[in-house]
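Peer 1: Using the sequences provided together with the hints, build the complete structure.
Same order as they appear, the protein sequences are chains X, S and C.
Note that this note's numbering gives residue 447 to position 447 of the first sequence, counting from 1, and the numbers run on in steps of one.
Note that this note's numbering gives residue 1229 to position 229 of the second sequence, counting from 1, and the numbers run on in steps of one.
Note that this note's numbering gives residue 2131 to position 131 of the third sequence, counting from 1, and the numbers run on in steps of one.
By construction, these hints were calculated from the structure, which means they are not laboratory data.
There's no promise every hint is true.
List of simulated lysine-lysine pairs, DSSO-like, C-alpha gap at most 27 Å [to be verified]: (1) S:Lys-1117 <-> X:Lys-425; (2) C:Lys-2079 <-> C:Lys-2034; (3) X:Lys-122 <-> S:Lys-1121; (4) X:Lys-452 <-> X:Lys-349; (5) C:Lys-2079 <-> C:Lys-2239; (6) X:Lys-66 <-> X:Lys-122; (7) S:Lys-1117 <-> X:Lys-66; (8) C:Lys-2248 <-> C:Lys-2034; (9) X:Lys-122 <-> S:Lys-1196; (10) C:Lys-2034 <-> X:Lys-122; (11) X:Lys-452 <-> X:Lys-425; (12) X:Lys-66 <-> S:Lys-1121.
Calculated Cβ distances over 10 Å to all of chain X for the following chain S residues [claimed, not checked]: (13) His-1060; (14) Gln-1081; (15) Pro-1083; (16) Leu-1211; (17) Val-1218; (18) Leu-1277; (19) Leu-1285; (20) Phe-1301; (21) Arg-1321.
Pairwise CB distance ranges, derived in the manner of DEER restraints [said to hold, decoys possible]: (22) X:Trp-314 <-> S:Thr-1316: 56 to 62 Å; (23) X:Ile-323 <-> S:Thr-1116: 22 to 28 Å; (24) C:Pro-2215 <-> X:Glu-421: 30 to 36 Å.
Values in this document were obtained by computation on a predicted structure and should not be read as measured data.
For glycine and all other residues, C-beta sits at the position ideal for the given N, C-alpha and C.
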Amino acid sequence: MPLLLMLAASPSLQAARIGDVSDTHWLEQAVRFFSFQDPSLRYALIGSILLGVTCGLLGSFIVVRKLALMGDALSHAVLPGVAIGFLWSMSKNPVAIFIGATVAGLLGALMVNLLTQTTRLKEDTALGMVLAGFFALGVCLVSMIQRLPTGTKTGIDKFLFGQAAAIGAGDVWLMSGVAVLSLLAITLFYKQFLVTSFDPGFGRVIGMPVQVFHLVLMLLLAFAVVIALQAVGVVLVSAMLITPPAAAYMLTDRLHRMLVLAALFGLLSGAIGAFLSFLGNSLPTGPCMVLAASLVFGAAFLGAPRHGVITRWWRQRSRVRRIGRENTLKSIYHVLEDRDFVGEGVSLKELAERRRETIEEARRQARELHRHDFATLQDEDHSIWLTPRGWQRAAAIVRNHRLWELYLTHSASIAADHVHEDAEKIEHVLGEDVVRQLERHLDFATRDPHGKRIPSSVDIHQAGRPAPSREDPRPTGYGGGS
Amino acid sequence: MSELIPAFDWQQVVVSPWRDDPGTFFWIALMGFLVTVTCGLVGNYLILRRMALVGDAISHSVLPGLALAFLAAYAISASQQGPDVPHEDLRKPLLMFAGALAAGILTAVLIEWIHTKSRVKQDAAIGITFSSLFAFGVILISLFASRIDLDQDCVLYGEIGYVPLELGPGDWVPPSVLRMGIVALLTVVWIVVFYKELLVSSFDPGLAASLGINATLVHYAMMCWLSVVVVSAFESVGAILVIAMLVFPGATASMLARRLPAMLLWTVLQAALSSLLGLHLSLWLDCYPAGAMAVAAAGLFVVAWVAAPREGLLATWWRRRQMALEEPSIPEPPALGDGPMNPRSD
Amino acid sequence: MTTTKEPRQPVGTTPPEGTVPLEIHDLTVAYHRKPVLWGIDLQVPPGQLVGIVGPNGAGKSTLIKAIMGLLPASSGWVKIFGKPYRKNLDRVGYMPQRESVDWDFPVSVMDVVLMGRYGHLGLFRRPGRSDREIARACLEKVKMLPFANRQIANLSGGQQQRVFLARALAQESDLYLMDEPFAGVDAATESAIITLLHELRQRGKTLLVVHHDLPTARNYFDMLLLLNMRVVAFGPTQKVFTYELLQKTYGGRLTILSEVAQAVGEKHE
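Peer 2: Right under this line is the structure:
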């Protein structure tokens, strides 16, 4: 029985209560929090902002170097150092904790290297072992400390998930120091960090002390982890190193802009997380900050102007629809051409037959053209008439197709019956300058390999229709293989 | 410092538990063993497939699944009995497994989605996914503490000490131990039945494909089973021990053997040793049992790292010394007319 | 083991002290006691375009890296213009293989080329206007100036290769070491690169280029180094590109041999 009591009476296993949300409205709370007026909240907010910026800046480098999980291992490995820092001072002395945690973190990083070099174990296993091993040791030390008479007052258990409210003046000084140091290092040695991250081999070639700068970066990272510990907690610190920079990575193509964005997102996540934790009284800060950062990442991932998933999907969809419209225009042109451009209206039935589809589908495509001002529907929706704009586009597409076919048969010596598929794809993407070059290259030929007339720029831009050609249907100029 | 580490009293730490209160201690030790052995066996394959960190990720990210399962259980019970639901009713094992499975699959799918659909690389994708899910889980249990039978800290190290308390009247075995035992048994069954498939797909996905083994299926099946294992172990030992046991026994075994059957046996032995040693360690130092078991496993690894007969540090150092005494350390000259020694790209 | 062989020189040339761009003596590079390069002796005269050819795994890339000290040597030494590499860094330009970097890195083409100027800048200085001018000129030479602001992921293989070449040019060196600059590029890029290399040679630069394609090796280079872990032969292309020497280098691999035979056969008309 005494054994069981000993095991079960593990310290501080109280379930957290739902925070007693006070009666004041959350907006008022927000004003109180963000206006820096309440001294007790000031430190929490400033500290959160500082750590967000620092982690965002330094984390950018580990994201682009694919070292994200090293950051995770580092942040778990510092826990025993924190515990030993506590033991040293028997209080929450920021300097002691800082030193202890940094030493533990660096030790962990060294261990990972040592393990991979002296055994067959791969890097991910080594990272996992250092992570789990150091962290377990730390948890044991924490529980042992809490058992001591002075232990429960140290607040060391807050280091697991973080509590921004516990940030004091001394902590803020330390965080400012690290933040300034990091900013200084990145500004002064930007080109060295850039080369060390992008192409260390080239760096060595031009005489840069690559190893030194790598170590400096690791050291700064260890500092960032340590200053973020109190607010975010050991378990989730690495998320602040990875998530805001990853969001920045989705939004820009240049490293210096990524650094700025990462710092900004880190700042936002830090501030919002601290605020949320303040609102719900006993919500730990770490998870709040991480969720804020993840939401920012999610938004960037989905909606980033160039690389976002949704934006890319939308662009793809737009392109598919544009191609559909252009194919419809092309068919209308073909129908008109077949009757030597007599009469302007094309009936839906003719279009449907040409494209081998139903009248309903033809009508739908016609409406689509109408929506984009390429054509109008007449005769109670039974016939399509191209607008001048529609005519220009239709003729241009046909010109592109036939020009390309001619180019392939003439310059690439491909048989005339092999070129159609290729031209079907290329016709939609040929730019005007390439078309000019093709026309010049082919000496402004007027017939494609199948004897069809290639619309000239005159044909395209006049509102009227080209006079039906009674010329010899055999190819002239560079007509291809027969 | 002397207060921190109590005196080592052999009687109190090692002998007394077994002599004075064997029933209680036995269940705790057994639960520890079952957890460590199951995680160790699964972890062996994770290490082989270089997925140790994905295992770490899933151990964290099952938390929201668990939390939601508790909430669902509350909702169901509350609709029947009213708002005051006793804690036992919140633990519906099937719901918990379902929640964990869903979370595990979500994790695997999200990681793939993020790094294949954007320029974010796999390592960052893993980090972002599990930390977001874990954070979400912690917030859930903080907000709904009365309806979720977990608290913030114990997700990390569990409450294995409470296992014996679960023995109700007429129960032969505590229900959690029974569940874990079934999971452990099933794990062994899967490994035996699918031995070939697991082996081939871990070492050579290309060969697996040509043999008709669907490597993707194996991957997702492993993720699912890992989620089940993690959630079975979660409540009693929390996330740390799970992560530690996924890597340490397998890593230690790989220092001691090179063939898979031998490695698996070593893993079982490691697991048993770590759990027993860890339990006694926690009695001595008065710390969380789960943490102590993990530290014991780490300690066993360090021993193997240094002293393993062929691969250990001492053995390597000794070998090098032998070779250095015999001949100078210069490269062997290539024979005349030799092609390149290794056909790798220079 | 301590033979004092004279560095191999092409017949009839004795360059004065300090102007030999590259001198290698008894260089051996080993990996876990397995040799990759063995006893390399070499003296490259100035103003030559030298191609390095040999089978896969012959140590061609390793040689380039060992010259620059990127890989440790088990024995031997390397001198660049009479001094050890570390003392003459700014006289060597390097163009690595394309696979050596992550092309998703958020930098632009101009950023990469500017890196070539970093060696001239020291610890704290940033690239200035003149550096940018030089970078632009180098981009112009490789015909990549329109792409200056593009992120490097949006480039084709040949374009990426040209960016690396521009970076090497921006270093403004006297000795250039290039690792497979023609690997996987289209014909247009290939002819643009070789034209540039000839131009550099005209200006008195010395170039050492790892090359993988035998038939073109005969046309492109003034001198050839036949390498298969050891130096099989080194000298003017006409003298060295013979069936016997090539067979010795490639060790009897049939497909290569037929390629060689064809290449040599073309030469004999």
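Peer 1: Does the structure keep Lys-66 of chain X and Lys-122 of chain X at a Cα separation of 27 Å or less?
Peer 2: holds (16 Å)
Peer 1: Checking one constraint from the list: CA of Lys-122 of chain X to CA of Lys-1121 of chain S, max 27 Å. Satisfied?
Peer 2: holds (19 Å)
Peer 1: Hey, Lys-2079 of chain C versus Lys-2034 of chain C, does the alpha-carbon distance stay inside 27 Å?
Peer 2: holds (25 Å)
Peer 1: Keeping to a limit of 27 Å between CA atoms, is the pair of Lys-452 of chain X and Lys-349 of chain X held or broken?
Peer 2: Between Lys-452 of chain X and Lys-349 of chain X the Cα gap is close to 24 Å, so the pair holds against 27 Å.
Peer 1: Has the given pair, Lys-122 of chain X with Lys-1196 of chain S, been kept, meaning a C-alpha gap of at most 27 Å?
Peer 2: holds (23 Å)
Peer 1: Regarding the pair Lys-1117 of chain S and Lys-425 of chain X, is the alpha-carbon distance no greater than 27 Å?
Peer 2: holds (25 Å)
Peer 1: Please check whether the beta-carbon of Leu-1285 of chain S is more than 10 Å away from every beta-carbon in chain X.
Peer 2: The claim breaks: Leu-1285 of chain S does not keep its Cβ more than 10 Å from every Cβ of chain X (closest is about 6 Å).
Peer 1: Check the non-interface label on Leu-1211 of chain S: least C-beta distance to chain X beyond 10 Å or not.
Peer 2: holds (25 Å)
Peer 1: Is it true that the CA of Lys-452 of chain X sits at most 27 Å from the CA of Lys-425 of chain X?
Peer 2: Answer holds: Lys-452 of chain X to Lys-425 of chain X is near 19 Å, not above 27 Å.
Peer 1: Looking at Pro-1083 of chain S again, its CB stays over 10 Å from all of chain X?
Peer 2: Per Cβ check, Pro-1083 of chain S is outside 10 Å of chain X; nearest 14 Å; holds.
Peer 1: Can you let me know if the beta-carbon spacing of Trp-314 of chain X and Thr-1316 of chain S is within 56 to 62 Å?
Peer 2: holds (58 Å)
Peer 1: Given the hint of 30 to 36 Å, is the C-beta distance from Pro-2215 of chain C to Glu-421 of chain X inside that range or not?
Peer 2: For Glu-421 of chain X against Pro-2215 of chain C, whose Cβ atoms are near 34 Å apart, the range 30 to 36 Å holds.
Hints 13, 19, 20 from the earlier list are contradicted by this structure; the remaining hints agree with it.
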